Amino acid sequence: MKRIMNLAMILMVFCVISAGGLAYVYLFTQPQIDKNAKLSLENSLREVLPGSADFEEVKCGEAQAYKSDKGYAVLVTPRGYGGPVKMLVGVDKEGKVVRVKVLDQKETPGLGARVIQPEFLNQFSGKSESDKLEPKQDIDAITGATITSRAACQGVKQALKCRRKIR
Amino acid sequence: MSLWKDLNAGIVKENPVLRLMIGLCPTLAVSNNAINALGMSVAVAFVLICSNWVIAAIRKWTPDEIRIPIFIIVISTFVTISDYIMQAYYPDLYAALGVFVPLIVVNCIILGRAEAFAYRNPVLNSILDGVGMSLGFALALVSIGVIREIAGAGTVFGVQLFNTALAATIMILPPGAFITIGVLMAFLNKMENRVL
Numbered sequence: 100m101k102r103i104m105n106l107a108m109i110l111m112v113f114c115v116i117s118a119g120g121l122a123y124v125y126l127f128t129q130p131q132i133d134k135n136a137k138l139s140l141e142n143s144l145r146e147v148l149p150g151s152a153d154f155e156e157v158k159c160g161e162a163q164a165y166k167s168d169k170g171y172a173v174l175v176t177p178r179g180y181g182g183p184v185k186m187l188v189g190v191d192k193e194g195k196v197v198r199v200k201v202l203d204q205k206e207t208p209g210l211g212a213r214v215i216q217p218e219f220l221n222q223f224s225g226k227s228e229s230d231k232l233e234p235k236q237d238i239d240a241i242t243g244a245t246i247t248s249r250a251a252c253q254g255v256k257q258a259l260k261c262r263r264k265i266r
Numbered sequence: 075m076s077l078w079k080d081l082n083a084g085i086v087k088e089n090p091v092l093r094l095m096i097g098l099c100p101t102l103a104v105s106n107n108a109i110n111a112l113g114m115s116v117a118v119a120f121v122l123i124c125s126n127w128v129i130a131a132i133r134k135w136t137p138d139e140i141r142i143p144i145f146i147i148v149i150s151t152f153v154t155i156s157d158y159i160m161q162a163y164y165p166d167l168y169a170a171l172g173v174f175v176p177l178i179v180v181n182c183i184i185l186g187r188a189e190a191f192a193y194r195n196p197v198l199n200s201i202l203d204g205v206g207m208s209l210g211f212a213l214a215l216v217s218i219g220v221i222r223e224i225a226g227a228g229t230v231f232g233v234q235l236f237n238t239a240l241a242a243t244i245m246i247l248p249p250g251a252f253i254t255i256g257v258l259m260a261f262l263n264k265m266e267n268r269v270l
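Sequence order for the protein chains is B and G.
If you read the first sequence in my numbering, its first letter stands for residue 100, the second for the next number, and so on.
If you read the second sequence in my numbering, its first letter stands for residue 75, the second for the next number, and so on.
A few of these clues could be false.
As the list claims (entries may be wrong) - Only pairs whose alpha carbons sit at most 25 Å apart, straight line, appear in this in silico SDA-like list of lysine to any residue:
(1) B:K134 <-> G:S156
(2) G:K134 <-> B:R249
(3) B:K205 <-> G:N237
(4) B:K195 <-> B:G225
(5) B:K264 <-> B:L220
(6) B:K195 <-> B:S167
(7) B:K205 <-> G:L102
(8) B:K231 <-> B:I265
(9) B:K205 <-> G:T229
(10) B:K200 <-> B:E141
(11) B:K185 <-> G:G232
(12) B:K200 <-> B:K264
(13) B:K158 <-> B:I265
(14) B:K134 <-> G:I155
(15) B:K205 <-> G:T136
(16) B:K137 <-> G:V173
(17) B:K101 <-> G:T136
(18) B:K185 <-> G:T243
(19) B:K205 <-> G:T154
(20) B:K185 <-> G:K134
(21) B:K264 <-> B:S167
(22) B:K166 <-> B:E156
(23) B:K256 <-> B:G160
(24) B:K134 <-> G:N237
(25) B:K205 <-> G:K134
(26) B:K205 <-> B:L174
(27) B:K205 <-> G:A169
(28) B:K200 <-> G:V233
Stated by the list, open to error - With beta-carbon atoms standing in for the labels, derived distance ranges:
(29) G:L247 <-> B:Y125: 35 to 41 Å
(30) G:V180 <-> B:I116: 20 to 26 Å
(31) B:Y123 <-> G:I146: 18 to 24 Å
(32) G:F252 <-> B:I116: 36 to 42 Å
What the hints contain is simulated information worked out from the structure, not anything from laboratory work.
Predicted model only: the values in this text are computed from it and were never measured.
Think of the CB as a built atom: it goes at the ideal place given N, C-alpha and C, for glycine as much as any other residue.
Bound-form chain G, shown alone (with noise of 0.2 Å):
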């Protein structure tokens, strides 16, 4: 019951973007469009769950004092591993996310999550947030990247839906992003007001 909990807290309830307003910065940079959006979920789903992972296991060994630096520690050898692995099987996908991989060790979904729940938590537990922390951020994300390529390109994962004469060029530009994210939440709270 509680690890369904666990998995389920970061998908709507605490969604990462929309609801504890952690990582907006990735949001921002990579949502202009639905497939950085989800490439950049991917990879930050990976780093995620195996930091999470590793966090959580060694959590019994790691003092107190040290633990931000171990946490960095650990997050940035899975980015790192992340970037590699990429560019060496997905070139295409790491020219399009290429400069925002490195940036993932400051994404701050993943430190929190390291100090508000796999530090605190049993592995098995500790890999399900990060899932359910994932598939949230990945939900968000992707809207997002949907919304702007729509709005903003008249295209959805590169398929073009509408003539780009027509499209708002704002929405993939940064104020489309804040415009996005805005209504999102609003409309989420909104959705949240009404079922309970």
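So that you can see chain B by itself, here it is in the shape it has in the complex (with noise of 0.2 Å):
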């Protein structure tokens, strides 16, 4: 019996210790982290939203959006293959899509992961609700690719009826 409370102690007194140096470290490197999360977001909006001044953050539905005065910048994240596709979708005030960016995915290396390529996201800028924006047919799929194709594809529609039922 006092051998077993002498190894908790023990193992107690590494614990504390590994707990206290761990809450050392987060307590100085977390400033940097939320910072660095910020800072990443912020150029991403600039990314999809050239020349917007300043973002304000709305809700539609489910997703979250960001107001400038060049438009709104709404973040999807249809199902791809691997699990979610997180994309940041820049629509302009006459609802064409600005730019599109894919912030993080988990797609196949070498064919959908392909989809970060600006070959493909590219042909994304211009549409609008009236497009049909299906792959195959007005959007090049990725070769080999085919649900990924269609996720960003679901993805950017989504994000333009987002921003239709904000206005």
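Both chains are sitting in their own frames, so use the hints and assemble them into the complex.
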């Protein structure tokens, strides 16, 4: 019994030291981590809506959107082949897509992961709700990644629909 | 002399990936391009060297019955530290490695070296063992990463070498990792037979 108590005490001491060390590292890295997250979101927003002055968070349904003087940037997460494809769609005041950026994806490397390439994403620029937005029709699909291509189209459609609801 | 031996062992003779065949899981996962492989190697090196050092330093106060939980506490502490530091100061690298960083905790190279080496040897030897093993891991991982990236995407460290259309996509998918590791192991075995 005494031995067990002893072991538990030793283990506890190690845990306390470790927790203390981690708390210290957390405290001095956390501000920088938050700053990075904010900065990277802002950079992405500026990329999909170039020339915007300031962004203001707005909600449209369950999706998150950001409003600026140039239009809206809508965050959508359509379901891809390997999980959600997190993408930011910039839509101007006339309801046309400005640019699309993929923030996070887990698609197959070499196939679906090519969804991040501008060759694919630039096809969406200038499209609006009156367009079909279907792979193999008005959008060239990524070779070998039909599901991912469809997800990207779905995401842009969602964003356009979402923007209409905000107005 | 023995110090040199401890450092040297991990690089080729007891290379963790290609000889001891441990730590294969992260090897398969992050070796699809050279940059990821290098980033993972650096993170593993940090954790392995620090944990070997601490475990060797506290080995006299570590009761035998609870050594494994203590190793895991030490290892996961260093993993979390490297996770925070990477997130704060190297966000691009973190974006590429993000999901694999917490998995360093269960990388059996680190626990394996703690149990097999650091727990039984002085601090300096253990640090050198960590350095050697990290170099061996880095060497294996980066070679695999470079081979897979060239064959599977036509690039190396992100620089285009030839048209992507000529690349064999299978090489950057999971089977490519198995094929590359197998070929490298065979090559290493052949070399050793010739030298000895």
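Results of checking the hints against the structure:
{"no.": "1", "hint": "B:K134 <-> G:S156", "in the structure": "holds (18 Å)"}
{"no.": "2", "hint": "G:K134 <-> B:R249", "in the structure": "violated (60 Å)"}
{"no.": "3", "hint": "B:K205 <-> G:N237", "in the structure": "holds (24 Å)"}
{"no.": "4", "hint": "B:K195 <-> B:G225", "in the structure": "holds (5 Å)"}
{"no.": "5", "hint": "B:K264 <-> B:L220", "in the structure": "holds (24 Å)"}
{"no.": "6", "hint": "B:K195 <-> B:S167", "in the structure": "holds (15 Å)"}
{"no.": "7", "hint": "B:K205 <-> G:L102", "in the structure": "holds (16 Å)"}
{"no.": "8", "hint": "B:K231 <-> B:I265", "in the structure": "holds (22 Å)"}
{"no.": "9", "hint": "B:K205 <-> G:T229", "in the structure": "holds (20 Å)"}
{"no.": "10", "hint": "B:K200 <-> B:E141", "in the structure": "holds (12 Å)"}
{"no.": "11", "hint": "B:K185 <-> G:G232", "in the structure": "holds (23 Å)"}
{"no.": "12", "hint": "B:K200 <-> B:K264", "in the structure": "holds (22 Å)"}
{"no.": "13", "hint": "B:K158 <-> B:I265", "in the structure": "holds (8 Å)"}
{"no.": "14", "hint": "B:K134 <-> G:I155", "in the structure": "holds (18 Å)"}
{"no.": "15", "hint": "B:K205 <-> G:T136", "in the structure": "violated (42 Å)"}
{"no.": "16", "hint": "B:K137 <-> G:V173", "in the structure": "holds (20 Å)"}
{"no.": "17", "hint": "B:K101 <-> G:T136", "in the structure": "holds (17 Å)"}
{"no.": "18", "hint": "B:K185 <-> G:T243", "in the structure": "holds (24 Å)"}
{"no.": "19", "hint": "B:K205 <-> G:T154", "in the structure": "holds (23 Å)"}
{"no.": "20", "hint": "B:K185 <-> G:K134", "in the structure": "violated (50 Å)"}
{"no.": "21", "hint": "B:K264 <-> B:S167", "in the structure": "holds (16 Å)"}
{"no.": "22", "hint": "B:K166 <-> B:E156", "in the structure": "holds (6 Å)"}
{"no.": "23", "hint": "B:K256 <-> B:G160", "in the structure": "holds (14 Å)"}
{"no.": "24", "hint": "B:K134 <-> G:N237", "in the structure": "violated (38 Å)"}
{"no.": "25", "hint": "B:K205 <-> G:K134", "in the structure": "violated (45 Å)"}
{"no.": "26", "hint": "B:K205 <-> B:L174", "in the structure": "holds (17 Å)"}
{"no.": "27", "hint": "B:K205 <-> G:A169", "in the structure": "holds (12 Å)"}
{"no.": "28", "hint": "B:K200 <-> G:V233", "in the structure": "holds (22 Å)"}
{"no.": "29", "hint": "G:L247 <-> B:Y125: 35 to 41 Å", "in the structure": "holds (37 Å)"}
{"no.": "30", "hint": "G:V180 <-> B:I116: 20 to 26 Å", "in the structure": "holds (22 Å)"}
{"no.": "31", "hint": "B:Y123 <-> G:I146: 18 to 24 Å", "in the structure": "holds (20 Å)"}
{"no.": "32", "hint": "G:F252 <-> B:I116: 36 to 42 Å", "in the structure": "holds (41 Å)"}
Comparing the model with each earlier hint shows violations of hints 2, 15, 20, 24 and 25; every other hint is respected.
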